[in-house]
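Number of protein chains: 2
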Amino acid sequence: MDINSDVVAAIEARLGSKYVKKGVDAEKYLEDFWGRARGSTLCVVLPGNTEEVSAVLFICQASGVAVFPQGGNTSTCLGAVPDGTGRSIVLSLSRMNRIISADPLDGSITAEAGCVLADIQQAAASVGRFFPLSLGAEGSCQIGGNVSTNAGGTSVLRYGNTRDLVLGMEVVLPDGRIWNGLRTLRKNNTGYDLKHLFIGAEGSLGIVTAVSLKLFPSLSSLTSALIAFDDIAHLTAITEPLRRTFDTSIIAMELISGSELRIVKRIFPDITFPFDERNGWFLLVDIATDQDVSVNDSLESALAEAMEDSRIADVVVSVNESQRATFWRLRHSVTESHKKYGMGMSHDIAVPIARIPEFLQVAQRKVEGSFPEAEIAVVGHVGDGNLHYNVIFEKSRWDRIPDQAQTRKDVFKAIYDIAVGMNGTFSAEHGIGALHVAEMRSYKSTVELDMMKGIKALFDPKNIMNPGRVIPR
Amino acid sequence: MDINSDVVAAIEARLGSKYVKKGVDAEKYLEDFWGRARGSTLCVVLPGNTEEVSAVLFICQASGVAVFPQGGNTSTCLGAVPDGTGRSIVLSLSRMNRIISADPLDGSITAEAGCVLADIQQAAASVGRFFPLSLGAEGSCQIGGNVSTNAGGTSVLRYGNTRDLVLGMEVVLPDGRIWNGLRTLRKNNTGYDLKHLFIGAEGSLGIVTAVSLKLFPSLSSLTSALIAFDDIAHLTAITEPLRRTFDTSIIAMELISGSELRIVKRIFPDITFPFDERNGWFLLVDIATDQDVSVNDSLESALAEAMEDSRIADVVVSVNESQRATFWRLRHSVTESHKKYGMGMSHDIAVPIARIPEFLQVAQRKVEGSFPEAEIAVVGHVGDGNLHYNVIFEKSRWDRIPDQAQTRKDVFKAIYDIAVGMNGTFSAEHGIGALHVAEMRSYKSTVELDMMKGIKALFDPKNIMNPGRVIPR
Numbered sequence: 001m002d003i004n005s006d007v008v009a010a011i012e013a014r015l016g017s018k019y020v021k022k023g024v025d026a027e028k029y030l031e032d033f034w035g036r037a038r039g040s041t042l043c044v045v046l047p048g049n050t051e052e053v054s055a056v057l058f059i060c061q062a063s064g065v066a067v068f069p070q071g072g073n074t075s076t077c078l079g080a081v082p083d084g085t086g087r088s089i090v091l092s093l094s095r096m097n098r099i100i101s102a103d104p105l106d107g108s109i110t111a112e113a114g115c116v117l118a119d120i121q122q123a124a125a126s127v128g129r130f131f132p133l134s135l136g137a138e139g140s141c142q143i144g145g146n147v148s149t150n151a152g153g154t155s156v157l158r159y160g161n162t163r164d165l166v167l168g169m170e171v172v173l174p175d176g177r178i179w180n181g182l183r184t185l186r187k188n189n190t191g192y193d194l195k196h197l198f199i200g201a202e203g204s205l206g207i208v209t210a211v212s213l214k215l216f217p218s219l220s221s222l223t224s225a226l227i228a229f230d231d232i233a234h235l236t237a238i239t240e241p242l243r244r245t246f247d248t249s250i251i252a253m254e255l256i257s258g259s260e261l262r263i264v265k266r267i268f269p270d271i272t273f274p275f276d277e278r279n280g281w282f283l284l285v286d287i288a289t290d291q292d293v294s295v296n297d298s299l300e301s302a303l304a305e306a307m308e309d310s311r312i313a314d315v316v317v318s319v320n321e322s323q324r325a326t327f328w329r330l331r332h333s334v335t336e337s338h339k340k341y342g343m344g345m346s347h348d349i350a351v352p353i354a355r356i357p358e359f360l361q362v363a364q365r366k367v368e369g370s371f372p373e374a375e376i377a378v379v380g381h382v383g384d385g386n387l388h389y390n391v392i393f394e395k396s397r398w399d400r401i402p403d404q405a406q407t408r409k410d411v412f413k414a415i416y417d418i419a420v421g422m423n424g425t426f427s428a429e430h431g432i433g434a435l436h437v438a439e440m441r442s443y444k445s446t447v448e449l450d451m452m453k454g455i456k457a458l459f460d461p462k463n464i465m466n467p468g469r470v471i472p473r
Numbered sequence: 001m002d003i004n005s006d007v008v009a010a011i012e013a014r015l016g017s018k019y020v021k022k023g024v025d026a027e028k029y030l031e032d033f034w035g036r037a038r039g040s041t042l043c044v045v046l047p048g049n050t051e052e053v054s055a056v057l058f059i060c061q062a063s064g065v066a067v068f069p070q071g072g073n074t075s076t077c078l079g080a081v082p083d084g085t086g087r088s089i090v091l092s093l094s095r096m097n098r099i100i101s102a103d104p105l106d107g108s109i110t111a112e113a114g115c116v117l118a119d120i121q122q123a124a125a126s127v128g129r130f131f132p133l134s135l136g137a138e139g140s141c142q143i144g145g146n147v148s149t150n151a152g153g154t155s156v157l158r159y160g161n162t163r164d165l166v167l168g169m170e171v172v173l174p175d176g177r178i179w180n181g182l183r184t185l186r187k188n189n190t191g192y193d194l195k196h197l198f199i200g201a202e203g204s205l206g207i208v209t210a211v212s213l214k215l216f217p218s219l220s221s222l223t224s225a226l227i228a229f230d231d232i233a234h235l236t237a238i239t240e241p242l243r244r245t246f247d248t249s250i251i252a253m254e255l256i257s258g259s260e261l262r263i264v265k266r267i268f269p270d271i272t273f274p275f276d277e278r279n280g281w282f283l284l285v286d287i288a289t290d291q292d293v294s295v296n297d298s299l300e301s302a303l304a305e306a307m308e309d310s311r312i313a314d315v316v317v318s319v320n321e322s323q324r325a326t327f328w329r330l331r332h333s334v335t336e337s338h339k340k341y342g343m344g345m346s347h348d349i350a351v352p353i354a355r356i357p358e359f360l361q362v363a364q365r366k367v368e369g370s371f372p373e374a375e376i377a378v379v380g381h382v383g384d385g386n387l388h389y390n391v392i393f394e395k396s397r398w399d400r401i402p403d404q405a406q407t408r409k410d411v412f413k414a415i416y417d418i419a420v421g422m423n424g425t426f427s428a429e430h431g432i433g434a435l436h437v438a439e440m441r442s443y444k445s446t447v448e449l450d451m452m453k454g455i456k457a458l459f460d461p462k463n464i465m466n467p468g469r470v471i472p473r
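Residue numbers (this note's numbering), protein chains in the order written: chain A, 1 to 473; chain B, 1 to 473.
Hints are computed from structural coordinates only; laboratory data are not their basis. Source: prediction; values computed, not measured. For each residue, glycine too, the CB sits at the ideal point set by N, CA and C. Check the hints yourself; a few may be wrong.
Non-contacting residues of chain A with respect to chain B, defined by C-beta distances greater than 10 Å in every case (computed) [what the hints assert, rightly or not]:
id: 1; residue: Leu15
id: 2; residue: Ala228
id: 3; residue: Glu375
Taking CB as the label site, the calculated pair distances span [as the list claims (entries may be wrong)]:
id: 4; chain 1: A; residue 1: Phe33; chain 2: B; residue 2: Phe130; range: 37 to 47 Å
id: 5; chain 1: B; residue 1: Ala125; chain 2: A; residue 2: Gln364; range: 35 to 45 Å
id: 6; chain 1: B; residue 1: Val447; chain 2: A; residue 2: Met307; range: 38 to 48 Å
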């Protein structure tokens with residue numbers, strides 16, 4: 001028996017072999033959701049409670065076997081599947097999916113890490129409250145993963161990132177010790193706020209096993225406004241009066257390029273959209289409204305100046321929920337369309353909000369100059385300064401590119417250089433995973449990397465937690 | 001020349017002797033604002049920029065001389081004055097008081113750490129924006145101190161603690177290296193979010209030299225509602241419909257006990273208040289309103305049920321800004337009144353919001369049973385679950401207490417035990433400083449303390465930054 005089989009045997013003895021998957025049973029945990037990578041593993045472990053997670057980490061720590069924690073396996077940056085060494089275990093939280101409590105008066109919900117995000121939204125609604133985190137993968141991603149990656153999504157503008165929604169957490173440290181930080185306090189100034197270290201650490205410092213989250217009053221109805229405009233330089237002249245007029249009633253503010261509409265309609269011709277294909281831009285704004293108050297008058301007066309100056313081409317306001325859904329269908333069809341259209345390189349960048357138009361202008365010049373075969377398609381959470389900036393080569397054009405790997409590299413570097421040069425970031429909401437470790441090395445200062453490496457070494461001296469992810473060696 | 005004089009000489013050589021204060025010139029930096037403690041120091045150093053802070057820390061690191069950073073010296077828990085060894089320096093940020101930039105479209109302001117909070121509020125207003133952090137000491141406290149202590153205040157309910165307002169920061173590490181984390185991004189998932197380590201670290205991990213902060217749309221007008229009620233058990237029946245009706249329009253929600261009104265009026269008989277002295281409770285609620293919409297109708301319908309059930313005794317709504325100021329004058333006179341009235345022991349506790357009534361009932365029974373000479377007076381940010389729970393002995397009664405030191409100790413322990421026993425905290429917004437290090441030892445778990453000690457040792461292995469504060473040895 002080698003040490004690896006000893007580890008598997010010890011875990012089986014503790015959890016029961018039913019919850020230690022190998023071979024075919026382990027397959028689905030090894031493949032990246034987007035099909036970009038496949039890892040291998042000694043076994044996939046499915047603990048049923050925090051004590052079992054603790055026991056597994058204790059065993060792995062003692063033997064130096066690496067642990068790859070996995071939630072819903074929806075990482076966009078190769079953060080959820082194991083590496084190829086096969087000398088690690090995958091620890092899936094999926095059995096730990098209980099809602100522990102939901103307290104409307106306290107405005108909090110406490111859940112195990114393996115709860116699917118949609119189930120948490122549902123549990124909040126069932127006590128008359130609202131949990132605002134919302135993103136494409138909400139039907140399968142797990143809250144532990146959301147917290148560990150500080151997930152963003154479409155309601156950040158009003159409610160903040162996942163980080164802002166976390167009140168407390170329970171964590172199993174790499175040595176198996178359990179930190180019970182499950183509190184629902186709004187204020188607690190007693191030393192370093194440790195939960196913020198684990199939020200966004202992508203499982204590299206320990207495993208989040210349960211979280212307490214903020215709940216909010218339910219929203220009344222939502223109205224969507226779809227604003228068409230031609231010149232990105234006018235963006236602020238449109239968003240600024242909206243922010244001033246509607247303030248926290250704005251729940252989402254998404255930018256969509258005309259080119260994006262064109263690509264989506266090419267792939268899904270049945271998608272209806274209030275506007276014809278056109279150049280320029282669309283702004284999709286969700287506004288929370290009282291049922292008896294029409295949002296039209298306020299919108300009209302907020303946008304009056306921009307309308308008169310012809311900065312706005314047209315505005316359509318949803319008249320009911322089904323029309324609102326139509327507006328959003330385009331937004332939600334983007335990822336799928338890109339996959340089918342060709343080779344898309346998506347950059348999850350952010351820049352200071354006021355510099356979005358400048359970023360778009362500079363990036364466009366760069367792409368047109370250096371990659372004339374490519375198209376640019378943009379969607380993004382523009383109210384947060386976060387854009388998914390897509391450089392796409394239609395299939396037949398991509399096939400003619402001589403050195404594809406180098407071209408990919410060049411495109412990413414070109415766009416990231418521009419964003420970071422504007423005091424922005426190369427990863428706004430998707431995180432690092434295995435995919436962006438090289439960018440961490442390129443774009444982070446030595447001082448910042450040194451602090452991160454020090455923290456990693458402090459919490460995980462044997463580097464067993466998600467090795468090769470997040471922090472460059 | 002001993003090593004201490006060498007250190008002073010080296011600092012003088014770098015900064016110029018004008019900015020290195022000794023003897024009489026150093027006096028005002030050594031005494032706690034509340035007059036509870038006096039420290040001593042080799043010298044008080046007033047650097048003019050980040051490079052000078054860096055040079056000073058480099059010198060101190062090399063020689064192992066401790067550094068006590070000081071902002072506006074308004075700490076409530078002995079966090080700002082040096083200890084009594086006299087072998088340390090005080091580093092005052094007060095010369096570093098420039099607003100670096102204020103950008104309304106980006107919704108951000110960047111300022112040096114020594115900026116007085118009121119000046120930041122003012123700079124925000126001058127570009128048509130609102131910086132919401134507001135607290136009693138705002139005319140003298142400095143933003144670096146606010147960030148380092150994660151200050152709370154009266155607008156946390158809507159805008160969050162200082163932590164939630166920070167976008168980026170610049171920090172000089174204990175070894176003199178400068179971390180430039182001055183970004184204004186709303187989203188940035190690139191490794192551990194280091195700023196959250198320094199926020200609330202009370203200068204124990206390095207010195208915050210500049211910060212970037214969120215700005216918000218200006219508020220329209222504010223209306224205050226003052227609600228009188230008898231039984232604390234009905235608190236939620238009053239706050240809950242208010243939250244549901246006004247949501248983010250509620251800026252502040254303060255609880256004041258009738259006993260507090262009695263004490264304040266004893267000390268300041270000229271204070272006018274819409275209610276006579278009475279037992280029971282007052283709720284002071286600030287609501288942001290459009291100038292042309294009266295808040296009365298919404299208030300009436302929100303509170304209708306509680307009114308009918310006689311859970312509410314009376315409601316008064318401010319008709320103009322001057323009446324609103326009258327309502328708040330009572331709230332702002334509390335600290336001063338307690339000082340003059342007798343021996344007040346103030347507990348800055350928090351419990352889960354829904355457990356506030358339970359906490360108040362249990363604590364009252366405990367105080368009445370164990371300290372029958374004492375009165376209870378409560379003010380607090382009830383919307384955040386944070387109460388300043390005051391146990392006060394009127395002067396003449398206090399003079400008759402045989403063992404005063406032991407009584408103080410017993411009172412604090414009794415109240416903290418109750419709060420912590422309800423999954424609450426012994427320090428909600430004031431922090432630890434030198435005053436609450438013993439409570440850190442008593443109430444924090446070993447795992448949590450171990451993590452904090454590890455982080456402290458990682459960043460400050462020689463323990464030169466604010467030694468004896470925050471983290472117990």
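Consistency of the hints with the structure:
No beta-carbon of chain B is positioned within 10 Å of the beta-carbon of A:Leu15; the least distance is around 23 Å. No beta-carbon of chain B comes within 10 Å of the beta-carbon of A:Ala228; the shortest separation is about 22 Å. For A:Glu375, the shortest C-beta to C-beta distance to chain B comes to about 25 Å, beyond the 10 Å cut-off, and the non-interface label holds. Restraint check, A:Phe33 to B:Phe130: a C-beta distance of roughly 42 Å satisfies the suggested window 37 to 47 Å.
Here the CB-CB span from B:Ala125 to A:Gln364 is close to 37 Å, well matched to the stated 35 to 45 Å. A beta carbon spacing of about 59 Å between B:Val447 and A:Met307 contradicts the range 38 to 48 Å that was offered as a hint.
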